[in-house]
Amino acid sequence: MTRHHRRLACRRPVARPLLATLAAALSLVVALGAGRVGAASGDSVPGHPAAGHPAAGTEVVSATDGAVHIRVTASRHGFGHEGEGFRFEVRQGQEVTLTFEYGDDDLERDNPHVFLVQGYGIRTERLDRNNPEVAVTFRADRAGTFTIRCIEPCTGHSNLLAGRLEVLAAAGATPEGGSELAVGLAAAATRRQPGGLTLVAAVVDPAGNPVPGVRVAFYEQASFLDQSGWAELGTAMTDPQGLARLDVTLYRPGELTFAARVAGRGPRTEARLTASAAGPVAGYQPEPRALGVPFINVRLIWLAAAGVWATYAMAAYQVYRVYREGKAWSSGA
Amino acid sequence: MGLTRRDILRWLATAGAGTAAAAWAKGGAAGLLALVREARAAAEGRPEGSAHSGEGMARDAAETRQWVMVVDLARCEGCRTLDRPPQCTVACTAEHHVPFDQEWIKVYEADDHGHHYFLPTPCMQCEKAPCVDVCPVGASYHAENGIVLIDHQRCIGCRFCMAACPYAARHFIWGDPPELPQTALVKYSPEYPLPYRRGTVVKCMFCAHRAREGRLPACVEGCPMGALYFGDYETDLASNGAEVVRLSRLLQERHAYRLKEKLGTRPRAWYLPGHGEAFLGQTPGDGAGVQGGAG
Amino acid sequence: MNAAYRRLEAASFRPLTEHTRGFLALVAGLFFVAGWGAYAWSLQLRHGLAVTGLNDLVPWGFYITNFVMFIGISHAGTFISAVLRLTGVGWRKPVVRMAEFMTIASLVVGAMMPLVDLGRPERILNVLRFGRLESPILWDLVSITSYLVGSLIYLYLPLIPDIARCRDALGDRVPAWRRRLYTALAAGWRNTPGQREALERGIRTMCVIIIPVMISVHTVVSWIFAMTLRTGWHSTIFGPYFVVGAIYSGIAAVITGMAIFRRAYRLQEWFTDRHFVYLGNLLLATGLFYFYFTFAEYLTIGYKLEPADKALLLELMVGRYAWVFWFWWLAGWLVPVLLLALPPTRNAWGVVTASVLINVGMWVKRYFIVVPSLALPLMPYEWALYRPTWVEFSIVIAAFAGFALLLAGLAKLFPLISLWEMEEDLAGEAPAREERPRVGRRAARKSGRVTRPAVAWGDGGEEGGAND
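Chains as they are written, first to last, in the working numbering: chain S, 1 to 333; chain V, 334 to 628; chain Y, 629 to 1096.
Treat the hints with care, since some could be wrong.
Said to hold, decoys possible - Listed below are the simulated DSBU-like cross-link pairs for lysine-lysine, each with C-alpha atoms no more than 35 Å apart in a straight line:
id : chain 1 : residue 1 : chain 2 : residue 2
1  : V       : LYS520    : Y       : LYS1040
2  : V       : LYS461    : V       : LYS595
3  : S       : LYS327    : Y       : LYS932
4  : Y       : LYS938    : V       : LYS595
5  : V       : LYS461    : Y       : LYS1040
6  : Y       : LYS938    : V       : LYS461
7  : V       : LYS593    : V       : LYS461
8  : V       : LYS595    : Y       : LYS1040
9  : Y       : LYS1040   : V       : LYS593
10 : V       : LYS520    : V       : LYS461
Hints listed in this document are in silico derivations from the structure and should not be mistaken for laboratory results.
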């Protein structure tokens, strides 16, 4: 992919030599707020195994540290009789039991469903009038967001496509004391490249000391068609000053929201930044489809054809000459 | 009555001469050509110099998108664990009322030196599309967003594009397409070409009509594994319906490749290498950690 | 006017005025076959191409094969006529007219085949309205149109004196409409020196320009295939390969036609064994050239054996297409070449047998150029199947019937042998004289050696003064 001359500028242009100063200030701010940010991390709050936005008809049956049991009614109107909002969180490593209940008893016809936990490759048995309750149990061993959807061509299918299971990364997957770390974020425009931007994150431990050698992931809040979410921009390791830098390229003007976190865990720390286009946006430039050599052109065919037909005309003219001669001969005879 | 055949002929001659004279005044042969081109553009109902002229993809500044599709082969297992036909194909067929036995996004089962994998293939929407190059009437063309569309009101059905397509992505309406009540009221557009016309070529169009409404393509929405991403070079974003990612990063990190890259067609469908390993062996009932339980 | 010429004139005019029962039966039979094909086409028009065996993976089949075949045959008329005229080969004279008839008939039939193949034949004018010069189909359109028009002019010019003879000699023996036709087409031909000079100039112009146009025709036909990225088509030698193949099959068709007309019109005196052997030599030469191209084509892909090429070659040699592949090598090439080369069969019988074999073999050759490359899997699927239906068979056979009808019609309207050109030979001082090449004649004229009787002007005795 080639991209040329995206002229995006930051409304808070900060010259590159100032970056260090900025970063230093940043570490200070983060250090002061470290305790607060750390406390907000979901990992450090025990006894909160399942949360989210349970819709009506959704029920957290039981939740312990090791297992969680969710029960939801599925009907043509959606999960829990609602179109949207079936979403729950578990922690990585928990055993999840999902029970679906048939909710279309008011319908004359049978309206069977089969549910899938996308990304876990888990499928329920067929849920229908004769089998009004199905359950699956699995261990949530992978972190991330997973979709729960119906794969049977049922009535109200489109209402049963967007259940969400969020598996929060476990604390054990990160370096020691990772849950205590705090992240601050700042951004500065770079001069090296149009639309270039440098994101700087500072990582400190609860004591306020910079933490080197931690991988920081940077995100951008993005919306694409009807989808939105945090798009990962890249990762960077913190240097001895506890600062991680990432050079990114902006592809569109407008208000942009960035975030950073210690890779793989913890909440994101957000930083808002407004960028606007300065000058025309050239956009994506596909390669030319032809050779692009001047005069080598398909229209040369006309030239060849014109030559041929001109010659034909010369030959056909001879017929006219024959005709003319014949006429002269007749009138002479 | 005053008007004789001769009068009409004379009038016609004058009018014709007038037009020709105007053309010459406009700059000789070039003017005449311009007139012809204008007339043609008017006949086509398209502004002169639009993308349809076959000159490439014209740009429309800010709102232009350059759609792409990304297929994560590590996540595609041909819907085998679901024990169902490929759901992308099913969703596509339902969305487009795809006629006959055609599959506009076909999932091939490939065996590559013992590596078994599944290969979903939409139309590649090549940037240098052989089908667009060979079309004698310009019925196949690039929309501004890079999607290769077919004007079914112009297509003559020579099937040269099908012979030229290196990906077997094109299909033909050989006989009378079935008449469906739900398609009767659809207004034809090359993006959603219902009702289908006998003797013309059809194919996947990345659900251009859905993207226009701000929705993901039917196959992407239909894929239960999130293996299909729909993306845009312009904003560098892509989504599989569950997450939004940076397109360039996805392609780079996962070593994306395109099918038959050496042909130089520059497809707009990318493949993230894999063999369905994220799902293979997790068939319900026998997979590790999966227990199906009756309620 | 000697006896030999009078015999020729009588033999040439007889078919124009007398219609034997056999001929009428033949025409009726051909009309029936063509009508059957027309019925099959009407079915195809009503139900779409679904009535054919074509499918999404093999979108082209019999019709395109037939298209290549007929456009190929059309090359022989021009090749024999123009090239031999240009090089001053005297024995061409009795056979060129029939070869040119064949060119016209096969071009008309060949140009019809893509129309039959279209899914939307009623939109054919879109090619003119929206035509994109970037598409090889447009190249075909330009090239074939130019060739058809050029061939018509080139057929017509040497016909003018003969049409004048028809006008003057046939009189009441033909219906009034044909008398009017002859009068109109004769363009007032009175055999005046000025007319002869104009005619000579026209013929010379045409026989030079028609050769590159002829070569362009089958070149761009081949480019329809070679401009795609398909294995087996994706080849740089396709242009010359197809041109030589066209001349090969075209000469074979001309020889077959000669054999038929010799029998039907009793032309043994003019279509002599010598003509068959000479044309057989030409056929042998082009056959060897064609072998060279075919060999080069298959060796260059067979040596490297890219997976797709290998799959194609295997399928051709030992797979599903082995029958047609080896049929061509045997019946379309090896046996004919042996018949043409070995002394015991270097006679009319051997040459005609070889030609008939080549006609069949070259149709098959075109089939396995067109279809296997399409059936070859592009993606991980099996070889695609193509089973032509009776509709396709009917239309292909009807195309041959239509070709024969057109040829018979032309041969019923105009003399099959160029009377005025033959008269020169028959009346001149050296009846079977070989013409000298132009350059030689010009040099000879400069040295003042050429004083020729006026009747032999066609060979260039007089044209010098009038042309300059």
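Hints, one by one, checked against the model:
no., hint, result
1, V:LYS520 x Y:LYS1040, "violated (56 Å)"
2, V:LYS461 x V:LYS595, "holds (12 Å)"
3, S:LYS327 x Y:LYS932, "violated (68 Å)"
4, Y:LYS938 x V:LYS595, "holds (18 Å)"
5, V:LYS461 x Y:LYS1040, "violated (53 Å)"
6, Y:LYS938 x V:LYS461, "holds (27 Å)"
7, V:LYS593 x V:LYS461, "holds (13 Å)"
8, V:LYS595 x Y:LYS1040, "violated (57 Å)"
9, Y:LYS1040 x V:LYS593, "violated (56 Å)"
10, V:LYS520 x V:LYS461, "holds (29 Å)"
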